[in-house]
Amino acid sequence: MNGPAFVLEGVRRSFGSREVLRGVTARAQRGRVIGLLGRNGEGKTTLMRILLDMLEADAGRVEVLGESPDGTGRIRGRVGYVPERPAFHDSMTAGEVLELRARFFDRWDRERARALASTLGLALETRVGGASKGTLAKLAWVCAAAHDPELFLLDEPTSGLDALVREEVLTRFIEELQDAGKTLFISNHRMEELGGLLDEVWLLAGGVIAEVFEAERLRREARRVEGRLKDAASVPEGLRAVRLDAPAPLAAWALFDAESSRRLLASGALDAAQESPLTLEESLKRLLALGGRHD
Amino acid sequence: MTESFRLEILKQRLVLAGFSGAFAFSLPLVAVAAKVFEHPLRPAVDSALFFWVYVGLPLAACVMGASAGAGLRRTYELEAPLPVSPERRAWAAFGAAAAQLLVLGVLVALSVAALSTAPEQAAAGGMGGRFMRGSILLLSYALLYGQGASFVLASLSGHGVAGGLAGAVLGVCSYAALGAGLMVSEILGVHPGDFPKAWGFLPKAWGTVGLTFAGTAWALGAAVRWAERERRGWGTPVAAAAATVGGVFLAAGLAVSSFKTVMDGLHQFGIVGAPLGSAPPEFTPEARREVFRGLMMASWSGDVVRVLPDGTRQMLFKGDDHSLLDLVKAPLWTRPTNYLWDDDGTLWALVHGDPRQGRDYEVWRGPAEGPLSLAFGVPRDVVPTLLMRGKRGLGLVGVDHEGTRGFSAFTKDGKAAFVRRNGHTALEKQPGAGLKPDVEEFLKKGAYYLMKDGRKGLFSVPSEGRGNIAYLQGGDSYLFVPEKGVGRFKLHALPEGTLAGWRERWSAIRFSPGTGFAAPLDLSAAVGALPERETPRFARWTSESLWLIQGERRLLRLDASSGALKDSWALPSGPKGAELVVTLDGIFCDTGRELYFVGWDGAARRLSLR
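Going down the list, the protein sequences come from chains E and R.
Using our numbering, you'd call the opening residue of the first sequence number 27 and step up by one each time.
Using our numbering, you'd call the opening residue of the second sequence number 458 and step up by one each time.
Treat the hints as calculated values from the structure; they're not laboratory data.
Note that beta-carbon positions come from the ideal geometry of N, C-alpha and C, so glycine has one too.
There could be a bad hint or two in this list.
Only part of the chain R face toward chain E is listed, based on derived beta-carbon distances under 10 angstroms [unchecked claim]: (1) Thr459; (2) Arg530; (3) Tyr533; (4) Leu535; (5) Ala537; (6) Leu539; (7) Ser542; (8) Arg686.
Interface residues of chain E toward chain R, partial, derived using beta-carbon atoms under 8 angstroms [unchecked claim]: (9) Leu78; (10) Asp84; (11) Thr98; (12) Arg100; (13) Phe131; (14) Trp134; (15) Glu137.
Start from the sequences and build out the full structure, keeping to the hints where you can.
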C-alpha cells in the first residue's frame, strides 16, 4: 500500500468532437489533500469519473490504488465519492439509502454511518424526494465515508451546505480524514475555503494539468507586486503570475513563486515596485485566472 | 448482482402492480358485463383470457422491458457510483423485468387453467394439441425476445415509449415469422421418402431462437455499457441494435426457407406403391413388359410420372399448381388417390375431381407410358374409395347414399359406368361379389392351389385356413400353399410373371404359370450364414440365374442350377437406407435424396429427378 493513490498518464477523453481532456498526466501521493482547480467546463468532473471507473478514457493510462479501471466497478468499493449534484432514489428515506449502500459496499460500517449522519445533523427518516440540497449533500457525505475508503474524490463537496455545516465539514470532517491518512482529491470553486487543508493544488486548464503548486510553497512565496509600468515589453515571458487590476499608471501582479517575483523585479519593467505577501486564500482565488492563459 | 436485482425489483414494482391489478380487475368486469348484456359467461371469460394471453402479456413484456431499460438511464447518477458494472446492472434490471413478467404470466396461466378449456386442448394428442403446445412455446419466446428488445432499444435511445414500441414490433414480427415457418413446415412439410420433414425445421428454429437470445443478451450489456461508460462512437450502439433486430431477420429467413422447402418438396417425387390391385391381372406379355418396365412416382403437387431405367420421365398425370397461399388456405392433397392396372396394361386412376365441374371424383385412364385422360366422372351420390378388379371387371368400391359399402363395375370405355335404381346409383351389396373363386373345389382337395377366376386369369387368394377369402392390398401377392408333408410357405410375384419363395429355410422354390412348381433349390451354401432377419427376398429368377436382395442393401446373383453365389453388389443407400422397387430390367433404388437404377449386372446409375 505504498504506491501512489492514483496515476494518470496521457489521459484523453472527448465527447463527440469536443476534446475535454487532452493528455492529463499527474500522480497523487497517498495521504495528500489535493485541490483541483479549473474553470467551468475544463473537465474536472470528467476526470473524477474516469478515476471512479464510471467513464472510460479514450487513451492513456489510469491507475487508482494500484488497480486499473476495468469497468467492473470494483474500484468504487475503495473510493469515496461526493458528486457535485448528489442524487438518490426519491422513494427512499435517508436511512434506506444508507441501508441500500450497506448491501453493496463490502466494507460498509453501519455504526460509522449512523455516527456520521448524527455529526452532520442528518435525520435518517428524511425522505429523499423533496429533501433540500443541504440534506442531500449531507447524505452524500455519509455515503462517501461510511465504507472507510482509502481515497476520496470530492466534487464541490460543500455545495449546498450552509455556512455552519460547511465549516463543520471542512474543519472537522476533512481534518479527520486527513489525519487518518486518507487521500483527498477535491474539486472546489471556492478553493480558498480549503486553504489550510491543502497539500497541493493542481490547475486543470486546456485539458491538461497545467500547473502543480505545493500549498506550503505558495504560502511562503506567493507575492503581490505593484509599481508604475515603465516598459510593458520588458515584462518577462513565462511568469507564474496573473495580472491584477490596478489604477493607471500602476500595474500589479500576483506571483505564485519566488522565481517569478525575482524575474519581474529584475526586469526593470516597473518603477517603484513594491511587493507584499499574498495569503494562500488570495493565491487560490487568483490561480483560477491563471487557468485562462492555458486554454 | 443479487443486490442489484433486489433494487430493480423495488424500482419496477409499480409496473407489475399495475398490470396485475388490471388483470385481476378485468375478469370480474367481463363477468359483470356479460351478465348485463346477457351474453354467455364462459365465452366472455375465454375471450378476456385470450386477450390477456395474446395482447396483455406481450404489452406487459414490452412495457416492463422498456421501463427497465429507460429507467437505467434515468437513474444513472443515482446508481453509477455503486461498485457494480454497467453490464451487471443491465442484467439485474432485465432480470427483474423478466421475473415480473413471469409473475404476471403465472397469474394469467393459473386463471386460464382454472377458467378455460385451453389446458385440455394443450394436453391433447394429435396435431391440435401439438400446435397449441408449440404456440405456447413460441409465445414464451416472443415475450422474452420482445421484452429484451424493448430493453435494449429503450436504453440505447433513452426513450421508454419508442423503445417499447420498437420492441413490440420486433416481437410480433419474430413470432409471426417463426410461427408461419413452423406452421407451413408442420402442416405442409410432410414429404415422401427422406426429404426434409416437419421436424427438420425445429432444429433450425431452436438455432434461431438461441442466436436471437444470444445476440439480445450481448446487446443488453453492450447498450448500457456504451450509454454509461463509453459514450463515444456509433459502433457499439449500431452493433447492439443490429444484434437485437437480427433475430427478426433470422426468423424471417427461416420462414422463407421453410416456405421454399415446402414448395420445393411439392415437386419432389416419392414412389407410388405398385398398383396391382386386390387381384393381380393376367397381363398380356406386351402389357407386362410395359407395366413392369418403369417406376411410378408422384409428387405432392400431384404430378404422377413413370420413370424408365434410362431416367426418362413420362408424365402420367399433371398435378395442379399450388401457391403457398393455396396450401395455407386448404389442406394439400394430391388429386390421384388410387391406381389399378388392367390386363392390357392400361392404367386406371381414381382422382379427386374439380368441384367447379360439379364432380367430386373422376376416373382417369391411359397407357402405361401416359398420359392419363379423363374417362368419366363419378356420380355425386357415390363416394368411391378404391378401384378394384372384380368378376365383372374393373370397378369402384365405395359407399352409397345409405352409407352401405359396395362395389360398382364400369366398362372399360366408361360408357356404362353405373346403374341407377330408384333414383340412386346402385352398388352391389357384397363388396367381394365380383370375385367367385372355385371355393368348393378348393376346399375339397384339402390343399390350397393358386386360384383362378372364371376368366381363367391368374390371381391369388390368401387363405385363412377356413376357405375364407380376403382381399389383398396390392403389390406382391402372397400365397399360402400348404402341401402334404411340405408345410406352408409364401410365394411372391416377380415382374416376369413367376412366383418364388422360401419353401423352408434356404430352400427356394419357383412356380411358373405354365409349368407349375420347379424342384426346390438349396441355397444354404450361398446364404446359409445369414441371420433370419436378413432373409433375402427374390428379385428375379431365370433359367440361368437367380437374383436375391439381401437386407435391402445388397444384390446377390446365384447360379439357378447349383445355387452357388456368383456375384454380390452393394445397392445404393441413403442415411435411412433405400426404398427398392424391382422391375423387369433391374431395381430402382430411392435413397430419399437420389434415385438410382441398378441393372441385373450390378451396374448402378444415378437418375436425376431434380
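Worksheet entry | Leu78 of chain E as an interface hint toward chain R, with CB separation required under 8 angstroms | holds (7 angstroms)
Practice prompt. For the hint on Phe131 of chain E, just tell me whether its beta-carbon gets within less than 8 angstroms of chain R.
Written response: holds (6 angstroms)
Item to complete: Against chain E, run the beta carbon of Ala537 of chain R and see if the smallest gap drops under 10 angstroms.
Response: Hint on Ala537 of chain R: holds, closest Cβ of chain E at ~5 angstroms, below 10 angstroms.
Item to complete: With a cut-off of 8 angstroms on the beta carbons, see whether Glu137 of chain E makes it to chain R.
Response: The hint is violated - Glu137 of chain E has no Cβ within 8 angstroms of chain R, the shortest such distance being about 20 angstroms.
Discussion item. Checking hints one by one. Is Leu535 of chain R an interface residue toward chain E, by the C-beta closer than 10 angstroms rule?
Written reply: holds (5 angstroms)
Worksheet item: When the nearest CB of chain E is found for Ser542 of chain R, is that gap smaller than 10 angstroms?
Response: Holds, because the Cβ-Cβ distance from Ser542 of chain R to chain E comes to roughly 5 angstroms (cut-off 10 angstroms).
Worksheet item: Can we keep the Asp84 of chain E interface hint, with Cβ of chain R closer than 8 angstroms?
Response: Where the cut-off is 8 angstroms and the nearest Cβ of chain R is about 7 angstroms from Asp84 of chain E, the hint holds.
Worksheet item: Should the hint that Thr459 of chain R touches chain E count as held when the rule is a Cβ pair under 10 angstroms?
Response: holds (9 angstroms)
Worksheet item: Given Arg530 of chain R as an interface hint, is the shortest Cβ-Cβ distance to chain E below 10 angstroms?
Response: Because about 13 angstroms separates Arg530 of chain R from the closest Cβ in chain E, which is outside the 10 angstroms limit, the hint is violated.
Discussion item. Quick check on the hint: Thr98 of chain E CB to chain R CB, less than 8 angstroms?
Written reply: At 5 angstroms from the nearest chain R Cβ, Thr98 of chain E passes the 8 angstroms test, so the hint holds.
Discussion item. Does the closest beta carbon of chain E sit nearer than 10 angstroms to the beta carbon of Leu539 of chain R?
Written reply: Constraint on Leu539 of chain R satisfied, holds at 5 angstroms.
Worksheet entry | Hint check: 10 angstroms Cβ-Cβ cutoff, Tyr533 of chain R to chain E | Check passed: Cβ of Tyr533 of chain R comes within 9 angstroms of chain E, closer than 10 angstroms.
The structure does not agree with the numbered hints 2, 14 and 15 stated previously, though it agrees with the rest.
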